[in-house]
Amino acid sequence: MEVILSITAGVLYCCGIYLLLQRRLSQLIIGLGLLSNGTNLLIFTAGGLTRSKAPVIPEGAESIVPPFADPVPQSLVLTAIVIGFGVLAFSLVLAHRVHMATGTDDIDDIEAGT
Amino acid sequence: MNLLILPIIVPLLTAVILMLSSSRPIVQRWISFVGSIVHAICAAVLFLRVESLGIQVLQSGSWPAPFGISFVADLLAAMLVTATGIVGVAVTGFAFSGVDPRRESSGYHGLLQVLLMGVSGAFLTGDLFNLYVWFEVMLVASFVLMALHRTRAQIEAAFKYVTLNLVASSMFLTALGLLYGRTGTLNMADLSSVFQTLEFGPFEMVMALLFLTAFGVKAALFPLFFWLPATYHTPPAAVGAIFAGLLTKVGVYSLIRIFTLLFPEAPAGLYTLLLAQAGCTMVVGLIGALAQKDFRRMLSFNLVGHLGYTTVGLALLTPAAMAASLFYVVHHIFVITNLYLISGIFLRIRHSTSFSSLGSIYKERPWVAVIAMVPLFSLAGVPPLSGFIGKLALIQATLSAGSYVIAGIILLVSVLTLLSMARLWDQSFWKPSEVEDKLPMTRVILAPIIFLCVVTIAISLGAEYVYSITLRASEQLLQPQEYIDAVLRGRARP
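Protein chains in written order, with our numbering: chain A, 2 to 115; chain B, 436 to 929.
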């Protein structure tokens with residue numbers, strides 16, 4: 002499972018960086034989104050995967066028996082998803098503004114206009 | 436109640452009050468100004484406590500150290516939070532006359548307080564993931580401040596700024612993920628004690644380089660600084676001032692914090708790389724500055740160049756060099772903020788900061804010129820002002836550390852800075868010019884500038900005290916055991 006998720010994260014990074022290097026603003030934003038999702042997947046995988054063992058102390062017991070899923074990477078990923086979502090929404094609005102101000106979504110044209 | 440949280444809570448409360456209160460500009464300005472003064476006082480009290488009692492720690496929610504989020508104020512953090520408070524007071528004071536009404540009505544004051552909260556939080560946190568969150572708080576506030584305006588140049592600049600910072604943030608987050616996978620903790624003190632037991636292998640090198648790139652973008656180090664001169668001259672003076680004064684310093688602070696805690700045992704190559712970056716940043720920044728024809732563009736390049744000074748100390752890792760660099764950071768925060776505020780006067784009276792529309796200011800407004808001399812000469816390193824003391828200390832430290840090349844570069848860059856400041860002075864104050872003033876200048880606009888001049892002069896006169904503080908701060912940084920013990924309270928991992 003780790004292998005599959007690692008490869009997926011790698012593919013997301015690749016696609017994200019490839020799209021970041023493109024000329025169109027829309028591609029750039031999709032690239033940013035893929036990059037942040039790749040990062041989230043990486044944190045999740047790097048924290049170690051344990052299936053269907055919630056880190057909850059069962060009733061009557063004093064402590065839990067390993068193996069159990071580490072809750073920290075999950076909470077980190079949740080935070081990162083929320084932040085990434087907000088930032089992505091902001092950059093979409095900003096791209097819309099750029100488009101309104103310049104009438105183009107080609108980065109080279111925007112640069113040339115200055 | 437622990438004092439440590441106040442520099443974070445006060446700007447947050449101010450921002451909330453600003454959002455709930457009347458949107459009349461005068462009300463907003465006063466709330467923001469008073470909030471900043473309270474913030475600065477809290478920060479100063481915290482600094483005095485840290486100075487007399489040692490490192491202060493707050494475990495949020497009373498969770499013991501490696502499990503909860505710790506907030507830690509050592510001398511460096513407390514010093515920088517105090518500087519943030521002072522800059523906040525100056526910039527909110529400047530808003531009484533230097534911010535355009537449309538920006539004010541779209542929430543300028545609240546965003547500025549959020550930015551101050553993000554900066555203070557980044558300085559005070561003792562947890563790496565929390566540092567990421569503070570970075571994002573700071574960035575989102577700065578994104579919006581940057582994009583509030585609608586002129587073409589400003590929107591484009593905002594887009595560059597957003598994209599590059601987001602890429603840097605994902606690198607930072609990648610490093611965090613890998614670090615957690617390897618060590619199982621993100622508490623800085625805990626990480627530091629784990630890293631002491633690890634051999635510095637390829638994995639650690641990858642970590643170090645990821646952090647170097649991520650923070651290098653934020654701190655505008657060579658070769659990652661090109662976004663800064665492309666963006667910092669576009670927002671209005673009050674926004675540019677706080678960006679220039681504080682945001683890049685947060686990047687420098689994070690580099691210093693992470694590298695001294697996690698990678699003090701790294702192979703020399705890593706620190707040589709950092710030293711080379713610092714040297715190139717200085718030279719390229721100042722050569723870039725000399726080619727500019729606009730007051731604020733020239734300042735942006737100067738800002739980049741001088742960030743090199745602030746990383747030399749980290750690259751050399753000797754107490755004297757680190758202390759000199761920290762002294763330079765403190766001096767530079769006030770001086771560069773002040774110069775950007777002065778560009779706000781030009782924007783008000785001439786509607787532009789391009790050299791073609793400046794000139795004759797010395798003849799028409801001699802007092803503005805006299806006041807502007809303090810930060811200009813201080814940045815150029817003219818004795819007895821703070822810039823001279825910082826550079827002198829840095830040159831002495833590099834010479835005694837045996838890095839003669841970097842000492843030579845520092846001297847060369849000082850000359851280039853002097854040249855660029857002379858050009859700035861000549862073009863904006865001395866040159867005879869036919870350009871008419873478009874708007875009269877208000878007296879109020881000078882108050883925050885004079886305030887920062889007084890701070891600069893105070894640092895120059897009290898240089899011995901400030902240097903003794905930075906020396907102690909650098910000793911704390913270079914012997915992280917005190918930091919680790921303060922956070923973990925002897926609760927070392929099994």
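By construction, these hints were calculated from the structure, which means they are not laboratory data.
Honestly, I wouldn't trust all of these hints.
[As the list claims (entries may be wrong)] Only pairs whose alpha carbons sit at most 16 Å apart, straight line, appear in this in silico EDC-like list of lysine to aspartate or glutamate:
1) 798(B) <-> 869(B)
2) 595(B) <-> 109(A)
3) 798(B) <-> 729(B)
4) 798(B) <-> 861(B)
5) 866(B) <-> 700(B)
6) 595(B) <-> 60(A)
7) 798(B) <-> 872(B)
8) 595(B) <-> 107(A)
9) 866(B) <-> 799(B)
10) 873(B) <-> 799(B)
11) 595(B) <-> 110(A)
12) 728(B) <-> 861(B)
Hint check results:
1. 798(B) <-> 869(B): 12 Å, holds
2. 595(B) <-> 109(A): Distance ~12 Å between residue 595(B) and residue 109(A) Cα, so the pair holds.
3. 798(B) <-> 729(B): 20 Å, violated
4. 798(B) <-> 861(B): Measuring from Cα to Cα gives roughly 12 Å; hence the hint holds.
5. 866(B) <-> 700(B): 53 Å, violated
6. 595(B) <-> 60(A): 54 Å, violated
7. 798(B) <-> 872(B): 13 Å, holds
8. 595(B) <-> 107(A): 13 Å, holds
9. 866(B) <-> 799(B): 12 Å, holds
10. 873(B) <-> 799(B): 13 Å, holds
11. 595(B) <-> 110(A): 14 Å, holds
12. 728(B) <-> 861(B): 12 Å, holds
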